[in-house]
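> Whenever a hint applies, use it, and build me the whole structure from the sequences.
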Amino acid sequence: MDQIINNLQQFWEYTGFANTTFQHILMICIGIGFIAMGIIKEWEPLLLIPIGFGMIIGNIPLYAGLSVGIYEEGSVLNILHHGVQNGWYPPLIFLGIGAMTDFSSLISNPKLLLIGAAAQFGIFAAYAASLFLGFEPHAAGAIGIIGGADGPTAIFLSSRLAPDLLGAIAVSAYSYMALVPLIQPPIMKLFTTKKERLIRMKPARVVSRAEKVIFPIVGLLLTAFIVPSGLPLLGLLFFGNLLKESGVTRRLAETARGPLIDIVTILIGLTVGCSTQADKFLQVESVKIFALGAMSFIVATTAGVLFVKVMNLFLKPGNKINPLIGNSGVSAVPDSARVSELVGLQYDRTNHLLMHAMGPNVAGVIGSAVAAGILLGFLS
Amino acid sequence: MKHYFRFILTGWVLLMAVGLFGQNPNELRLNEVLIINTEDFQDDFGVHSSWFEIFNTGYGTVDIGGCYLSNDPENLKKYTIPRADVQTKIKPRQHILFWADGKPQRGSFHVNFTLEDSQVLIFTSGDGTTVIDKVELPKDAEPNLSYGRVVDGEGSYGPHSDNEGWEFLPNTSPSTNNFSLDGKTRSESMKETDPHGWIMSVLAMSVVFLALVLLTYVFKGTGRIAINLTQKKADAFHKTKKVSMAEASGEIFAAIAMALHMYAKETEIHDIETTILTIEQVRKDYSPWSSKGQSMRRTPSVRKQ
Chain L
160 MDQIINNLQQ FWEYTGFANT TFQHILMICI GIGFIAMGII KEWEPLLLIP
210 IGFGMIIGNI PLYAGLSVGI YEEGSVLNIL HHGVQNGWYP PLIFLGIGAM
260 TDFSSLISNP KLLLIGAAAQ FGIFAAYAAS LFLGFEPHAA GAIGIIGGAD
310 GPTAIFLSSR LAPDLLGAIA VSAYSYMALV PLIQPPIMKL FTTKKERLIR
360 MKPARVVSRA EKVIFPIVGL LLTAFIVPSG LPLLGLLFFG NLLKESGVTR
410 RLAETARGPL IDIVTILIGL TVGCSTQADK FLQVESVKIF ALGAMSFIVA
460 TTAGVLFVKV MNLFLKPGNK INPLIGNSGV SAVPDSARVS ELVGLQYDRT
510 NHLLMHAMGP NVAGVIGSAV AAGILLGFLS
Chain U
2 MKHYFRFILT GWVLLMAVGL FGQNPNELRL NEVLIINTED FQDDFGVHSS
52 WFEIFNTGYG TVDIGGCYLS NDPENLKKYT IPRADVQTKI KPRQHILFWA
102 DGKPQRGSFH VNFTLEDSQV LIFTSGDGTT VIDKVELPKD AEPNLSYGRV
152 VDGEGSYGPH SDNEGWEFLP NTSPSTNNFS LDGKTRSESM KETDPHGWIM
202 SVLAMSVVFL ALVLLTYVFK GTGRIAINLT QKKADAFHKT KKVSMAEASG
252 EIFAAIAMAL HMYAKETEIH DIETTILTIE QVRKDYSPWS SKGQSMRRTP
302 SVRKQ
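Read top to bottom, the protein sequences are chains L and U. Just so you know, the first sequence maps onto residues 160 to 539 in the working numbering. Just so you know, the second sequence maps onto residues 2 to 306 in the working numbering.
Derived by calculation from the structure, the hints in this document are not laboratory data. Hints are not guaranteed to be accurate.
Here are the computed lysine-lysine pairs in the DSSO-like style, where the Cα-Cα straight-line distance is at most 30 Å [unchecked claim]: (1) L:K475 / U:K233; (2) L:K439 / U:K192; (3) L:K468 / U:K221; (4) L:K354 / U:K221; (5) L:K447 / U:K185; (6) L:K371 / U:K233; (7) U:K233 / L:K361; (8) U:K234 / L:K361; (9) L:K439 / U:K185; (10) L:K371 / U:K192; (11) U:K221 / L:K475.
Now the in silico label distances, taken between C-beta atoms and shown as ranges [claimed, not checked]: (12) L:L474 / U:V151: 22 to 30 Å; (13) U:K234 / L:R409: 21 to 29 Å; (14) L:F291 / U:S207: 16 to 24 Å; (15) L:F291 / U:T231: 17 to 25 Å; (16) U:K234 / L:L349: 45 to 53 Å; (17) U:P144 / L:D323: 45 to 53 Å.
From the three backbone atoms N, C-alpha and C, an ideal C-beta is built for every residue, glycine too.
Here it is in C-alpha cells:
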C-alpha cells in the first residue's frame, strides 16, 4: 500500500499541477490571448497562432530533468529551437518573402526606396532609448530592431546580439506587427492634412522583365557590398526574388514561397512561443522591451510620414507622393501597405494607394535588413 | 551545343579548382617559434622542449594531415604530419602547436627534429614540393623568448619569406593569439565611445540611406534605359515604309484617293467637327489596383457593439 502511495506521490510530483506557478498560468493566459487575437480578430494569424500555442507548450510546468523542455539540451523542442538560436530560420523566411514579393512598384518609382530608409529611424530611436534605460549596447541594438517591424530580422539579430532577450524581442516584434492596423492610422492622420491625404499619385509604369531580373542581382551587390554583415538576410531575400522573376525556376520559387516558408513559419512561430518560458520571459526587462517596441513603431511610422512630406517639398506638382504611404516604410509586409490603402480610401473611395505603398513597404524590408547588418557589424 | 558544353565544363573545372583551393592548407602560416625552452610551457610528458605554432588564417577548417615539416631545405619531407588524426584539423582562425623535441614516437605533434641547432623551419604541402611557409630562425634567440608574427598570420610568407612581420614577442603565447586586443567587446567599446547612441544612430542611418539612395539612382538609370528601349521597339513596330513622291506612280495616288473616298463615304466623315468633347467621369469603386487585396487577409477591425 505504501508503495502505491509512494508511486502516486511520485507521479503527482511529475505532473504539471504540482509544479505550476502563477507565472506559468499568466503566460498560458497570454498564449491563449494570442490565439484568440489570431482567430477572432484575424490579426497576423499565421504568426500569432503558432506563437500563442508555443507559449502554452513552453509554459507547461515541467519536472526538471525530463529532457523535454526547450532549454534542456537534446530535447526535441531544443533541437527545433536551434534554428532560432543560431539564426537559421530568418534567412529561410526571407527566401520565401523574396520569392513572393513583386518589386515592380519600387522599380517603377525608385524614389520610394527612400521612404523605406526613413522609417528605419524607429530602430535607432529605440536603440538610443534602450541605452538610456540602462541596456548594454548589444542588447539595445537587438531591442532597436523591433522598430524595423520585421519579425525574422528581429529574431536573427537578437539571436546574435542578445540571445537572452530573444523571446521578449520576438514576441514584442510580432505583437506590434499584428497591431499595425491599430497603431499606425492615428499617427498617419495626426501628421497629414486633408489635402495631402487626397493626393493622387501617378500610376506606376509597366516594368520590363529584364528590369525585374536585374533588380535582385544589383540590389544584392549594392547592399551586401555596403553591409556584408547583412548577407544572410539580403542574400536570401534577393535570391528568392530572382527565383521568382527569372521565369525559369518556377518550381523553386513556388517551393520557396509555399511549402518552405510555411514550414519555417510553423517552426519559428512555435519555437519563439516556446522560448517564452515564464522564468525567462517574465522579467522587468521584458516590460521595458515592450515599451521600447511600441515607441520604435510609433517613431518609425512618424518618420516615414514626415519624410514623405519633406520629399513633397522638392517634387513637381504632378509627381507628389501621398504621405499616407509613409507608414509603409516599416516593413510589416503587406499589412502596413494595406493600412495606407484603407486610410486613403476613407478620404477618397477611388484613390487606391496599395500598389504605391508596396514600394516603401518592400524597401522597408531591404532597409531593416541593412540596418540589422550595420548593428551586427558594430555590436557583435 | 559544343560551346555550351565547353562553357559548362570550364565552369565546372573552375568551381572544382576553387573548391580544392578552399580545402588546401595554403592559408596556414607558421606563427610563433620558441627555440630555447628552459622554463616555458611543458609538453604532455612534463618536458621543456622547443615548440612552434601554425595558424589557420582562413575561415574554413583545414586538415594538415599529410603535410610536411622540416628544418632542412634539402629535405622538405623530414617529418610527415600523420593522416587520419582528427587533431590535425585546424579550425578557422585557430592555432596548432608542435613540439620540436626530436621524439616523434610521443605523438603526432612531436616532430623528429629540434630547433636549437636549426636555421630554418619549413612547412610544406602534401605534394612534398610546395613550400607553404618558411621562417629563418634567429641566431641570437634568448631562452624562453619566442619569435613570432606580431599580428597572427600577418607579414610575409611562402618559400621566399623574409621574416617581415616577425619579432621577438614580449610574452610566449602557444596555441593562442600573439596579439591580443584590450579584451573589450565591441559592445563595451561602443558603450565608452558612444554612451547615448547618437553617433551610432547618425552613422547607421547614413549607411542605410546611402545603400538605398544608391539603389534609387541605379534603378532610375535602368528605368530610363528600359523606357528608351521600349520606346524604340514601339517606334520600330509602328514605323511605316516611306515612299518618296518621286517614286510613287499614278496608280498609287489613284488607289489612295479611292480608299479615302470610300472610307469617307462609308463613315460619313465630314470636315467640320462639332468641336464638342464630352468627358464623363468614370466611377468605379473596384479597381484592378485593389485586386491584390484578394490575396490578403481580412482587414483587422474593431468590432462595433
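> What's the verdict on K233 of chain U and K361 of chain L, does the C-alpha distance respect the 30 Å limit or exceed it?
This hinted pair holds, its Cα atoms lying about 23 Å apart.
> Would the hint linking K234 of chain U and K361 of chain L be met if the CA-CA limit is 30 Å?
24 Å, holds
> Is the hinted pair K354 of chain L and K221 of chain U satisfied, with a Cα-Cα distance of at most 30 Å?
28 Å, holds
> Could you grab the alpha-carbon distance between K439 of chain L and K192 of chain U and see if it respects the 30 Å cut-off?
25 Å, holds
> Taken at face value, is the distance from the CA of K233 of chain U to the CA of K475 of chain L at most 30 Å?
Holds. K475 of chain L to K233 of chain U sits at ~27 Å (cutoff 30 Å).
> Looking only at beta-carbon atoms, does the pair F291 of chain L, T231 of chain U fall within the given range of 17 to 25 Å?
53 Å, violated
> For a C-alpha distance cap of 30 Å, please report whether K221 of chain U and K475 of chain L respect it.
Satisfied, since the Cα-Cα distance of roughly 17 Å is no more than 30 Å.
> Run the distance test for K371 of chain L versus K192 of chain U: straight-line Cα separation, threshold 30 Å.
Violated, at about 43 Å.
> Quick check: does the Cβ-Cβ distance between L474 of chain L and V151 of chain U fall within 22 to 30 Å?
56 Å Cβ-Cβ, so the 22 to 30 Å window is violated.
> Could you say whether the range 45 to 53 Å given as a hint is met by the Cβ separation of P144 of chain U and D323 of chain L?
With Cβ atoms ~47 Å apart, the hint holds.
> For K371 of chain L and K233 of chain U, compute the direct alpha-carbon distance and say whether it is at most 30 Å.
With a Cα-Cα distance of about 20 Å, the restraint between K371 of chain L and K233 of chain U holds, given a limit of 30 Å.
> Is the straight-line distance between the alpha-carbon of K468 of chain L and that of K221 of chain U 30 Å or less?
Judged against 30 Å, a Cα distance of about 21 Å means the pair holds.
The structure shown violates the earlier hints numbered 10, 12, 15.
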